[in-house]
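Enquirer: Each chain, letter by letter, is given below.
2 protein chains.
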Amino acid sequence: MTDRIREFLRNRREDGPCVVVDLDVVRSNYAAFARALPDTRVFYAVKANPDPAILSALAELGSCFDCASVNEILMALAAGATPDRISFGNTIKKERDVARAFELGVRLFAVDCEAEVEKIARVAAGAKVFCRILCDGAGAEWPLSRKFGCVPEMAVDVLEHAHRLGLEAYGVSFHVGSQQKNVEAWDSALASASQIFRECMERGFSLSLVNLGGGFPAKYLQDVPAAEAYGEAIFRALSRHFGNAIPQTIIEPGRGMVGAAGLIEAEVVLISKKAADDDMRWVYLDIGKFGGLAETMEEAIRYPLVTPHDGDAMEPCVLAGPTCDSADVMYEKTPVMLPVSLAIGDKVLIEATGAYTTTYSAVAFNGFEPLRSYVI
Amino acid sequence: MTDRIREFLRNRREDGPCVVVDLDVVRSNYAAFARALPDTRVFYAVKANPDPAILSALAELGSCFDCASVNEILMALAAGATPDRISFGNTIKKERDVARAFELGVRLFAVDCEAEVEKIARVAAGAKVFCRILCDGAGAEWPLSRKFGCVPEMAVDVLEHAHRLGLEAYGVSFHVGSQQKNVEAWDSALASASQIFRECMERGFSLSLVNLGGGFPAKYLQDVPAAEAYGEAIFRALSRHFGNAIPQTIIEPGRGMVGAAGLIEAEVVLISKKAADDDMRWVYLDIGKFGGLAETMEEAIRYPLVTPHDGDAMEPCVLAGPTCDSADVMYEKTPVMLPVSLAIGDKVLIEATGAYTTTYSAVAFNGFEPLRSYVI
Chain A
1 MTDRIREFLR NRREDGPCVV VDLDVVRSNY AAFARALPDT RVFYAVKANP
51 DPAILSALAE LGSCFDCASV NEILMALAAG ATPDRISFGN TIKKERDVAR
101 AFELGVRLFA VDCEAEVEKI ARVAAGAKVF CRILCDGAGA EWPLSRKFGC
151 VPEMAVDVLE HAHRLGLEAY GVSFHVGSQQ KNVEAWDSAL ASASQIFREC
201 MERGFSLSLV NLGGGFPAKY LQDVPAAEAY GEAIFRALSR HFGNAIPQTI
251 IEPGRGMVGA AGLIEAEVVL ISKKAADDDM RWVYLDIGKF GGLAETMEEA
301 IRYPLVTPHD GDAMEPCVLA GPTCDSADVM YEKTPVMLPV SLAIGDKVLI
351 EATGAYTTTY SAVAFNGFEP LRSYVI
Chain B
1 MTDRIREFLR NRREDGPCVV VDLDVVRSNY AAFARALPDT RVFYAVKANP
51 DPAILSALAE LGSCFDCASV NEILMALAAG ATPDRISFGN TIKKERDVAR
101 AFELGVRLFA VDCEAEVEKI ARVAAGAKVF CRILCDGAGA EWPLSRKFGC
151 VPEMAVDVLE HAHRLGLEAY GVSFHVGSQQ KNVEAWDSAL ASASQIFREC
201 MERGFSLSLV NLGGGFPAKY LQDVPAAEAY GEAIFRALSR HFGNAIPQTI
251 IEPGRGMVGA AGLIEAEVVL ISKKAADDDM RWVYLDIGKF GGLAETMEEA
301 IRYPLVTPHD GDAMEPCVLA GPTCDSADVM YEKTPVMLPV SLAIGDKVLI
351 EATGAYTTTY SAVAFNGFEP LRSYVI
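Residue numbers (UniProt numbering), protein chains in the order written: chain A, 1 to 376; chain B, 1 to 376.
Treat the hints as calculated values from the structure; they're not laboratory data.
A hint or two may mislead.
No copy labels: a pair is met if it fits in one copy or bridges any two.
SDA-like cross-link-like pairs, simulated, lysine to any residue; straight-line CA separation at most 25 angstroms [claimed, not checked]:
hint, residue 1, residue 2
1, Lys273, Ala34
2, Lys219, Ala36
3, Lys347, Arg122
4, Lys181, Val123
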């Protein structure tokens, strides 16, 4: 909670939940990344929060942009980024979307298999491609599935395929898992990357780039290491595995850039028990899993909650959303502690919700409006 | 797949995934419910698919509407339903939304605790309330959480509270679990309901209504019982527990009304393996968990898939969506069987997706448009 957000909420008159993002925090997060990794280019992961004001502020600071779709590329361009500052970082792209991105000037594309390389070779001659490798994600709070990337051995073949088809086999990317709190998590992936660099060299072409991905955490309930700690650990790992030949590097922070910059103001709609002698209260907010808090899925991300009665006696509560969907329960396996004095109509602040909330929100589920967003 | 949908898709020129719903199927489903339960009023669960054309068609056939929010009430009214044909069926309502619904003429409200009764008493004097009770949901493919309802003993107190506050303590509701394939599932809940009717009578007021809820299945991969079988089993259970004093009843089909009436046309964006010697292919579509297929959450609902190569040799595949979100994997624990000859660019039909797809779709996740919908 910043003074600017507090002031904004004090004056807000509209009804319904909203997220408010403080651009000053975004700018200071950008500066922290730039300072912590001075030789690394920052590609903001647009998907975390594509609000035009955020993109413009970052573009002005010199940020590059990691885009998941043509629409995100268009938004980054509209915010003032030149195409050379844009990466089409989704490994799953329609060929016509690759073509459109290439027309728009984008030259950097993610791949993780030969079929994707072939699409790019057909419609984006000479473009740079980096191959994403699988990474175990240990230590991450939201570990990644095997959806993206291939095993390192296959990456060499994929990159060689790109090289043979006239593309620039440009580098390797990986993702150590979202909300990664272990600063050493990059080490083993960098070991794989350096091995791929060597094997490509042996096959007669050389790579230039290691895309270190995202995974940088936002502070939720527990403290997280500062950007500096990540920067130092990553630099050590780069030196360890690449020696004097440290490649170009980029990072793709999303959550780490905007997560802690925003919060959601919600309202308590109902507090009830399921039986007269029930110990557990159910607290229902006017926002839930379908209104922007999709990352509470399997209770993965636990957001800090602030109420007007903090300091009063607390008790465990189940926290649920307002829809008629029985899956719209946020925290039940591990209930949340809330004041006994919490009442219907109270406002609850859900902190660190600047990332992965606005665009995750459902269009009109149960007739509820999508999450309103203010960037101040 | 109906001839009308086939014809529509043959002529469609726009790019991107879409859902197409055939109104003839919706009408015939309505007729089947009306026939199977001739003394029961049908309240279509608007949240399943609130497309104006669906609401209008059902309004014309005489359907009533179960609404989850003021917006859904406005949509039902716009479709031609009079307020007496509308139930505000969400047990979690802001007091100002209750007031707004009451102003709009709605007189029937769901509750599951005294706090909700008090809101209604304050702003909707004389309205009818029914109390939702918990139900174990055994036999349902998407069993309900404990989010809605209270234990039957508490329901008597809640209804008595309503009666004392000048509301009409009108009845009892329950939900036997979504995609409920056991036609006998209503029996034990009806036993509880009849007990509540008796206890209320002993306390000096009488109830009129049993809201039998939804849960009626759509046909996905496996056959489901016909509406008649549900009608017969429910009638037997009503007779067993209420004898000659069978109360008014309503049902709230959503999935059972529109699920099988629609299908999604998607496109294969990428097919890949994670390693050269991997057995498992990953098939990525241009729609996933965030584009409308939220009910694949925990692989709960398994939709039938139709491809242009059905009949060729099949192999198990992981099925995933197009976003940069690692959670956007639909079927992995239990892979889907797809033709070996399936290729990038092929269209895949995802059947029985008329319910809980359009409004579940994310606003703009990863820059992708929400699911386009056509009701024909």
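Enquirer: Does each hint hold? Answer for all of them.
Expert: Taking the hints in turn, this is what the structure says about them:
1. With identical chains, the CA atoms of Lys273 and Ala34 are never at most 25 angstroms apart, being 49 angstroms at best within one copy and 36 angstroms at best between copies.
2. For a Cα distance limit of 25 angstroms, the shortest separation of Lys219 from Ala36 inside one copy, 17 angstroms, qualifies, whereas the shortest one across copies, 55 angstroms, does not.
3. For a Cα distance limit of 25 angstroms, the shortest separation of Lys347 from Arg122 across copies, 21 angstroms, qualifies, whereas the shortest one inside one copy, 54 angstroms, does not.
4. In this assembly of identical chains, the alpha carbons of Lys181 and Val123 never lie at most 25 angstroms apart, being 39 angstroms within a copy and 50 angstroms across copies at closest.
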